[in-house]
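Chemist: Chains as they are written, first to last, in this note's numbering: chain A, 1 to 285; chain B, 1001 to 1257.
In short, the hints are calculated from the structure, not lab data.
Fair warning: there could be bad hints in the mix.
[As the list claims (entries may be wrong)] Straight-line alpha carbon distances no greater than 20 Å define the calculated SDA-like cross-link-like pairs of lysine to any residue that follow:
1. A:LYS136 with B:VAL1038
2. A:LYS45 with B:LEU1122
3. A:LYS54 with A:VAL264
4. A:LYS96 with B:PRO1007
5. B:LYS1089 with A:VAL16
6. B:LYS1005 with A:ARG92
7. B:LYS1120 with A:LYS96
8. A:LYS96 with B:TYR1010
9. A:LYS136 with A:GLU150
10. B:LYS1120 with A:LYS98
11. B:LYS1120 with A:PHE31
12. B:LYS1045 with B:GLU1229
13. A:LYS94 with B:GLU1229
14. B:LYS1120 with A:VAL264
15. A:LYS191 with B:VAL1038
16. B:LYS1093 with B:LEU1103
17. A:LYS175 with A:GLY188
18. A:LYS275 with B:ILE1102
19. B:LYS1040 with A:ILE135
20. A:LYS45 with A:ILE64
21. B:LYS1005 with A:TYR97
22. B:LYS1120 with A:ALA91
23. A:LYS136 with B:LEU1020
24. B:LYS1040 with A:ILE173
25. A:LYS191 with A:LEU213
26. B:LYS1005 with A:VAL44
27. B:LYS1089 with A:VAL14
28. A:LYS94 with B:SER1004
29. B:LYS1089 with A:VAL264
30. A:LYS54 with A:LYS275
31. A:LYS98 with B:VAL1038
32. A:LYS98 with A:PHE77
33. A:LYS98 with B:TYR1015
34. B:LYS1089 with A:PHE7
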Amino acid sequence: MKERNLFHTVTIAVIVLWLLLFALIPNIIMFIVSFLEYDSQSFVKAVFTLENYKRFFTGAYFNIFLNSFKVAAIATFLCLIIGYPFAYILARSKSKYKGLLALLVVIPYWTSALIRTYAISYMLAANGLINTILIKIGIIDAPLSLLYTEGAIIFGFVYTLLPFMILPLYATIDKFDFRYIEAAQDLGASKLRTFYHIILPLTSPGIIAGTVLVFLPALGLFYIPSLLGGGKNIMVSNIIQEQFTSNVLQNWPLGSAASVLITVIMGIMIWAYYKSSKSFRTKVL
Amino acid sequence: MKNSKWPWLYIFLVYLFLYLPLIILIIFSFNEASSGTVWKGFSLKWYEKLFNSSALISGLVNSLIVGVSAATLVTIIGTLSAVTLFRFKFFGKNFIMSLLYILIMSPEIIMGISLLLLFKFLSMDLGFQTLLITHITLCLPFVMAVLFTRLANFDVHIIEAAKDLGANELQTFFHIILPSILPAVIAAWILSFTISMDDSICAFFTSGPQFEILPQKIYAMVRTGVKPEVNALSTLIFGASMLIIIIAQIMLRERKR
């Protein structure tokens, strides 16, 4: 009996201490630092201030913040537009290679996201594939500047995050009972009405899950805007990264405030997801 | 579906979008020319340059060291705690579960900077140790999730039977529980190793200049433009991960038989 207690006490103590020290306390420190003053000597001065948050709601930082949301939202929307028909066709097909085809979506993701971002920059470069083809066909004479634009950043996010949209959609559409469609059509509903009133609401858990899984990483993947946007088009993740890794800026309270804001947004999104999937279950089933 | 060709054309185009950038990267790693997409003939010179690039090789070695250490440690910690959490109800269990849930949802950039603040607060030098702690924390919720899934199908009566026959706690763990959850333990190790090797965000914050891993080296190189030796490296990494997954699939199939 005593031995049993020791074994369990030790394992529980290890996991509890680990989670407290490396998950809970770091976030508390980050939260506290975000309310402290910046000091160029010791990074942080123990004086309470709301200045760090104010900076994100005024002036240049506010624009970057808004722009980050715009870019992440456009990328998420494009993933949905591209991913939904794809997942739908795949889930409805009766092909015996269905599972293999779904696996093919994931294979490119066995290389790191950084390498995939590099691959995109390689393709969009002035002497890259797209420009070479367009010049060969004769559509353009001089290479277009595709790289280092906001479009390139969005392209990079869509490329990197598309499977996170496709897979939850595929999972929900695969479980969808297609007899509902037959029933709707027997009752005289048009294709558009069937889609809008039957298919869309019943697959909404997949849409919301995919949206969360694409939108949140899009706010955090700092190397996509820095490799594809080229310094001109920066996002909130770049501000955070610069405050904590560059040797010049190092305004930790400012970086912490940006991180707290992202965490709050994440919390709201997850809460909304939880609420909607709960109300979905009670309403529909 | 009346005109059934069109949907498949769409599927094909999406696959093309997903694969084309990687295929180009692989093809042009064998190109004689140093940049651009003009084919100047087959060459292995970028592979040669890669093996002579001390920055990339040392980054790869560091990545492997931290990947293997983090995966091994997190699998041990995670397995022991998952089994204990599964078997016993105790005060604070829900608290642990919700912390794990928050950890799995929180973006890597937040985890990276919050841990950096902790390490600075404890005045720890950034390097192998701090990166190891970061990667264990990053992988822990995934290891627990894999093991909980497996343990959900575990028959608790076997443990009672072992106890009745006089097995002590360690014997029960090593002879009864561990063999039956071994596939999940191996899967958790592979998953952790992949997450650690893949991490291109946390490491930027919690690893210092004396211990830089591969993503940091690659990022520093490609920031200034195209580097064909990175193409060569990406091709090798892609090939290696394909190989590992195929081997894992074959092993799983053998086990099922």
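Chemist: Determine for every hint whether it applies to the structure shown.
Modeler: Structure-based check of all given hints:
1. A:LYS136 with B:VAL1038: Within the cut-off at roughly 12 Å; holds.
2. A:LYS45 with B:LEU1122: It holds: about 17 Å lies between the C-alpha atoms, which stays within 20 Å.
3. A:LYS54 with A:VAL264: holds (16 Å)
4. A:LYS96 with B:PRO1007: holds (16 Å)
5. B:LYS1089 with A:VAL16: Holds, at roughly 14 Å.
6. B:LYS1005 with A:ARG92: holds (14 Å)
7. B:LYS1120 with A:LYS96: Between B:LYS1120 and A:LYS96 the Cα gap is close to 55 Å, so the pair fails against 20 Å, i.e. violated.
8. A:LYS96 with B:TYR1010: holds (19 Å)
9. A:LYS136 with A:GLU150: violated (26 Å)
10. B:LYS1120 with A:LYS98: violated (50 Å)
11. B:LYS1120 with A:PHE31: Distance ~15 Å between B:LYS1120 and A:PHE31 Cα, so the pair holds.
12. B:LYS1045 with B:GLU1229: Holds, at about 9 Å.
13. A:LYS94 with B:GLU1229: violated (43 Å)
14. B:LYS1120 with A:VAL264: Roughly 24 Å between the alpha carbons, so the hint for B:LYS1120 and A:VAL264 is violated.
15. A:LYS191 with B:VAL1038: violated (48 Å)
16. B:LYS1093 with B:LEU1103: holds (15 Å)
17. A:LYS175 with A:GLY188: Violated, at roughly 24 Å.
18. A:LYS275 with B:ILE1102: With Cα atoms ~17 Å apart, A:LYS275 and B:ILE1102 stay inside 20 Å; holds.
19. B:LYS1040 with A:ILE135: Given that 20 Å is the threshold and the Cα spacing comes to 18 Å, the pair holds.
20. A:LYS45 with A:ILE64: Not satisfied, since the Cα-Cα distance of roughly 26 Å exceeds 20 Å.
21. B:LYS1005 with A:TYR97: holds (16 Å)
22. B:LYS1120 with A:ALA91: violated (49 Å)
23. A:LYS136 with B:LEU1020: holds (18 Å)
24. B:LYS1040 with A:ILE173: violated (47 Å)
25. A:LYS191 with A:LEU213: The given pair, whose Cα atoms are some 29 Å apart, is violated under the 20 Å limit.
26. B:LYS1005 with A:VAL44: Cα-Cα ~63 Å, so violated.
27. B:LYS1089 with A:VAL14: holds (17 Å)
28. A:LYS94 with B:SER1004: Given that 20 Å is the threshold and the Cα spacing comes to 12 Å, the pair holds.
29. B:LYS1089 with A:VAL264: violated (31 Å)
30. A:LYS54 with A:LYS275: Violated, at about 30 Å.
31. A:LYS98 with B:VAL1038: violated (37 Å)
32. A:LYS98 with A:PHE77: Outside the cut-off at roughly 25 Å; violated.
33. A:LYS98 with B:TYR1015: holds (14 Å)
34. B:LYS1089 with A:PHE7: holds (15 Å)
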